[in-house]
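There are 2 protein chains.
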Amino acid sequence: MNERPHTSKAFDEDLREIEAMVMTMGGLVEAAIADAAKALDMRDEEEAEKVIASDKRVDALEEEINTAVVRMIALRQPMADDLRLAVTVMKIAGNLERMGDYAKNIAKRTPVLVQGPPIMGASNSLRRMAKSVRLMLKDALDAYARRDVALAMDVRVRDREVDQMNSALFREFLTHMMEDPRNITACMHLLFIAKNLERVGDHVTSIAEQVVFMTTGSTPDDDRPKQDDTSTVAAIGSHGAGG
Amino acid sequence: MNERPHTSKAFDEDLREIEAMVMTMGGLVEAAIADAAKALDMRDEEEAEKVIASDKRVDALEEEINTAVVRMIALRQPMADDLRLAVTVMKIAGNLERMGDYAKNIAKRTPVLVQGPPIMGASNSLRRMAKSVRLMLKDALDAYARRDVALAMDVRVRDREVDQMNSALFREFLTHMMEDPRNITACMHLLFIAKNLERVGDHVTSIAEQVVFMTTGSTPDDDRPKQDDTSTVAAIGSHGAGG
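Going down the list, the protein sequences come from chains A and B. Residue 294 in our numbering sits at position 99 of the first sequence, and the numbers go up by one each step. Residue 210 in our numbering sits at position 15 of the second sequence, and the numbers go up by one each step.
These are computed hints drawn from the structure, not numbers from a lab. Among the clues, some could well be false.
Note that the list lumps identical chains together, so a pair holds whenever it fits in one copy or between two copies.
What the hints assert, rightly or not - Mimicking DSSO-like on lysine-lysine, the simulated pairs with C-alpha atoms at most 30 Å apart in a straight line are:
| hint | residue 1 | residue 2 |
| --- | --- | --- |
| 1 | K390 | K245 |
| 2 | K390 | K286 |
| 3 | K286 | K333 |
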């Protein structure tokens, strides 16, 4: 696997530059997730606005990365192993771009939530969930930079906890809505925010799996802990809805 | 743009084969969206199960396409224009894979919804929304196959209507929830389904924009009609929630 064609030195230099761009992009997305959660927690619309604005830079970086990868492939004409690395960089940039969208979407809901009273417990739960996915992202990017399979596998497992947090929040918020219809609008937005964070976890997991694949040449074979189970959840006491 | 290096004939043949795989994948995703909407409409859990199972084939096709593209790049060493076409095929396969996930997610919610009474008007609205995105997808794939920029631009504009349908549904369902808390669980799932369909529309729009880009070399410059406005919506009469 480590036998490289003669183009490899120039290719490796190009790849290193592009991976540095990915790390920059990853840092911006980490910050966007942290700031979106903070804005929500502090009910700070101005901070939320900054998160929304910052996503443009993330989108631009993805385009720069894709262009750089295509130029590198055209110029260095890499063979199989190097090509896989080149494709992986593009895919990871794609995952980061989507995470940026989710952070932006969370920030967009903040001004609406500020209009209503806080929902008990929501702030803590969402902050904890946001912290978990942010740390997963940080570790996934480290695993990518260091080609660290063990760390990547660890990130992948931690996505289960995020899915469980989302399921717990889903039940909790549905119950709040039933107890007091005035909570419905706020809980709706909080549920979409929790779902966005759960999806961020899925994209981090996808990065972790690409690190495993590019390093070992095979994907982890146990079932990917991707789907949360909220799609099949009914609220506590909601079976009355059947009557 | 049409001056091609000497590799182009073999490259064109490979690309045609891969694009045929993309069309197959697109057909499966179109069917998944239609069947998921039908299962929801008919409250047919068995049909929903089939949709969930069929997504495995969609995921497998994306992998086959990515592998074929990488092999093609390695073998034909295409230059700039051809490389752009190769990258576009992979991106479109990626969009289709995500749409398949959304169709699966819709199907997963059907068994829960069957437990409760139907929500008035929901079935019609969602069926209409599903039909719109399915036709958008069909046209986006035709636009891709025929390199038809005009059709791609038309698809892109139609995404606005889908976003508007989603916003209307969002307000409608929130109101249902407030009127009768027994509707909350069902409406929650219906809201996520509407959001999934809206996201399918975004991915179709992304395909349409890639068709424009690969054909004209530039992206449509007016703002992409991507985001729906539900993230900033409060339910009718919900300002009482502020009190």
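Do the hints match the structure? See the list:
1. Taking identical chains as interchangeable, the C-alpha atoms of K390 and K245 lie at most 30 Å apart whether they share a chain (22 Å) or sit on different chains (25 Å).
2. In this assembly of identical chains, K390 and K286 lie within 30 Å of each other by CA distance both inside one copy and across copies; the values are 22 Å within and 24 Å between.
3. Taking identical chains as interchangeable, the C-alpha atoms of K286 and K333 lie at most 30 Å apart whether they share a chain (17 Å) or sit on different chains (25 Å).
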